[in-house]
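Those sequence lines, one after another, are chains A and B.
The working numbering applies: residue 831 is where the first sequence begins, and numbers increase by one.
The working numbering applies: residue 1007 is where the second sequence begins, and numbers increase by one.
No lab work stands behind these hints: they were computed from the structure.
The reader is advised that the hints may include incorrect statements.
Said to hold, decoys possible - To be clear about the criterion: a stretch of chain B counts as covered by chain A if any three or more of its residues have a C-beta under 8 Å from a C-beta of chain A, and this derived list gives those stretches: (1) 1048 to 1054; (2) 1096 to 1109; (3) 1123 to 1133.
Note that the Cβ used here is the ideal one computed from N, Cα and C, for glycine as well.
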Amino acid sequence: MTQTTTLGQRQQIEIAAIEAELAALWRHAPGHDAPQLTRACVMTLVAPVLDQAAAQLAGAATLHLTDRFPNRTIVIDARPDDQEDVLDAWVQANCQMPAAGRAQVCCEQVTIDARGPAVERASGVVLPLLVPDVPVVLWWPSGDPQASPLFAQLSELADRVIVDSATFAQPEPQLRALLKDARAHKRVSDLAWARLTPWRELLAQFFDSAASAAQVHTISSVRVQYELPEAVLDRVQPLMLVGWLAAKLGWQPLGALLNRADAALSLRRPDGGSVEVMLVPQAVAAPAAARITAVELRTAIATYQVGCSSATNCATARVQPREGAAIQRVVRLEQLAVAELLAEDLRLFGRDRAYEATLRALAAISEPTA
Amino acid sequence: MTEPTVNPLRSGMRMQRTPEPCTMVIFGATGDLTHRKLVPGLYNLQRERLLPPGFSVIGFARRDWSDDYFRQTLVEDVQEFSRSGFEEPLWQSFAEGISYNRSSFDDPAGYQALAEKLNALDAERGTSGNRLFYLATGPESFTTIIQQLGAAGLRQSPGGGWTRIIIEKPFGRDMASARELDAEVHKVFDESQVYRIDHYLGKETVQNLLVFRFANGIFEPVWNRRYVDHVQITVAEAVGVEGRGNYYEQAGAIRDMVQNHLMQLLTLTAMEPPGFYEANSVRDEKVKVLRAMRPLAPDEVAKYTVRGQYTAGTQAGKPVPGYLEEAGVPAGAHAETYVAMQMFVENWRWAGVPFYLRTGKRLPKRASEIAIQFRSAPLMIFDQGPLNDIEPNVLTIKVQPDEGISLKFESKVPGQLTQIRPVTMDFRYNAAFGVESPEAYERLLLDAMLGDSTLFTRSDEVDASWSLITPILAGWQNAPPPEPYAAGSWGPRAADEFLARAGREWRRL
Ligand SMILES: NC(=O)c1ccc[n+]([C@@H]2O[C@H](COP(=O)([O-])OP(=O)(O)OC[C@H]3O[C@@H](n4cnc5c(N)ncnc54)[C@H](OP(=O)(O)O)[C@@H]3O)[C@@H](O)[C@H]2O)c1
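From just these sequences and the hints, can you work out the full model?
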């Protein structure tokens, strides 16, 4: 991976002069005339941050993205609860260290500090700064989006919205609201869902071959093991995986899901058979986001398992037929940092119907039915 | 063919489908290609979770190696040539599926042993009878291997799996030998099983050429004789023959590069839009271009082609030997290490537009590109004179190394005078999509396992291509030997004169 550096000084400027200062930044950039400095832009990324942790995430992510998705980043450092009423702006250019023989790519970053009532006016500052013709991506690094008026204002401007439901305090209602956004023809992505991509891939691969394809319809039990930080009930990741299976395979929930970490759930397959789901939490001390560590699917003739080890960044995918020897292989499965997940997600365009279907299934599972 | 199975868990997943479990048999497994490209490529695919469970490799070659020794030799190459990192547990799991079958290519017993191993793998690793044979050997072995595979009953898999065969270049050395080889191939395999590889088609920018042309509305309207003055296709290499002098002397630049890579670039540039992006639609259009091209008569060869051979010179400040002094090159060698030529595509779109092709070894740098040079503006309304040297617009598609597309156009220099200078607008692939492109071989191996032959050369395409090259070879029989050019220069002077006669010049890359 290439390194990224900041070009020149970060400069504080007048709000009205942001656009002019951005142009000046490029004029004064060292090597401006050299053809080796390429300025490129494939999107405007708007990242509102409401606390220090989110600000750090955003900082790391924008530097990472310079390398893969040159963009104009607008970070809004918003503290609505502050007493003062202040709106400040900074500009800077982030440049990738050039790989040998390659052009150096730079992108620009605007940081808007909004304090107190000024937060209300922040989205008005953002509007003229959007780069014409390229998509506007609103990335909400952490926390419940629906709780903030800033989210509502900014998502009006955005072509797509990226959240991380693993950071939601109240995932279930928040996800239901997001589903509405998705229906309003906006692409909504969720980094918690993106974390499941390799799991979904590995599980799907079990049923790719002609011989095993029919098996997927006869799954009778699902066991999802996940790490659970102490004293919180964070089941978004495992439930999302179950929701995905249910949506794809047409399983209907029978009864309500208990509000506990080790919940069990029965579902009915389209052929009338039943599927028993078990969530198996493993307590971990660190306050990390809940994370899946193993999944097991059973049918009458085989058991399919994927288990990961964070020590090696590898996962083992294993098929154990009832008769005969197991087939297993090791593949890479690293835990991606937020910046990497974001970059992966930005590669995809269009509405993510599998995610939307999963959210619907999730709503059905988590909403107590009579 | 079995019905493609629908996996509900795949629907809506925006990842490539992984192929069905299969075994790949590599003929020539102790060789250079296997170690430098194929196995490192497979390892990367495995690392990216793109290979199916149970995927297995059987190496087939003559040397007395054990399974373990074969794996050991591969580890080093994967560490050296794989573009991603090396991870021990991953390699261990991948290596479990690798074995070695020692045999000479002409020994039927070796193929019996192979068949038994394949059957055993089907049972042990669930490879379900799917087989991919890869001929990573010199062309002299192709026929033997294919005949032996047929004789051993390996043309089709037992129990309904698929069997496919990838054939390396060169496919024949002229029209007659290509047809002979094709006949041998078709005695054993159906065309739908055959994947003739040209790794240029696996390159990201080459595929992007089709997207650029056919997913954008503004380029096709000017992509024709009304607006295009001529097309220049360059594949320049900085390296010499790198110890493969013996092979090279038999081939020369025309067989080594023009018949395959340059022809591919030409057909993709000139082809009509296919009905849809699917193997046979795309290849039908490519074949139409080749069929519309006028073969040179042997006596026109002197007029439309230039050959060169490098002599000692310097490259990157270091002295380098001439072709005749290279290791492995026989005394009195006469192969061309440089060739420039003009081709004609005689259809409604291109009639009268020259396509200039050039390729050579020991040129100043490694660079491949397609340049479309447009006609000049019809009328010059700005002051002509010493200040204004108007240059035509050029659209350049850079294939390697710094992949991208650039457009050169005229612009006013700021100031009181109307002074005009060309500027370029550059799109760099890596600037917009910072991710690294996969290796060409990775893409193609995966396509073959998935049964997608879009990026492989079809039998009639090879045939049509040789029908253009063979008369040139015949013409050269009675022509003077290649002209010398110093290593590290842009080819023989005759190549410049050749374009100058038409009032044009080669682009300086
Ligand atoms: N090398 C590259 O980078 C490259 C790039 C593009 C295309 N290609 C093409 O790929 C093909 C292979 O090239 P390469 O460079 O890998 O060749 P190579 O290094 O010479 O390897 C030849 C292989 O064939 C085996 N072999 C030859 N005769 C045999 C026989 N009678 N019985 C059993 N095995 C036999 C050799 O095995 P033993 O050594 O055990 O005898 C060796 O494994 C060629 O068609 C070439 O044009 C190569």
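Going through the hints against the structure:
{"no.": "1", "hint": "1048 to 1054", "in the structure": "holds (count 3)"}
{"no.": "2", "hint": "1096 to 1109", "in the structure": "holds (count 6)"}
{"no.": "3", "hint": "1123 to 1133", "in the structure": "holds (count 3)"}
Violated hints are absent here; each numbered hint is respected by the structure.
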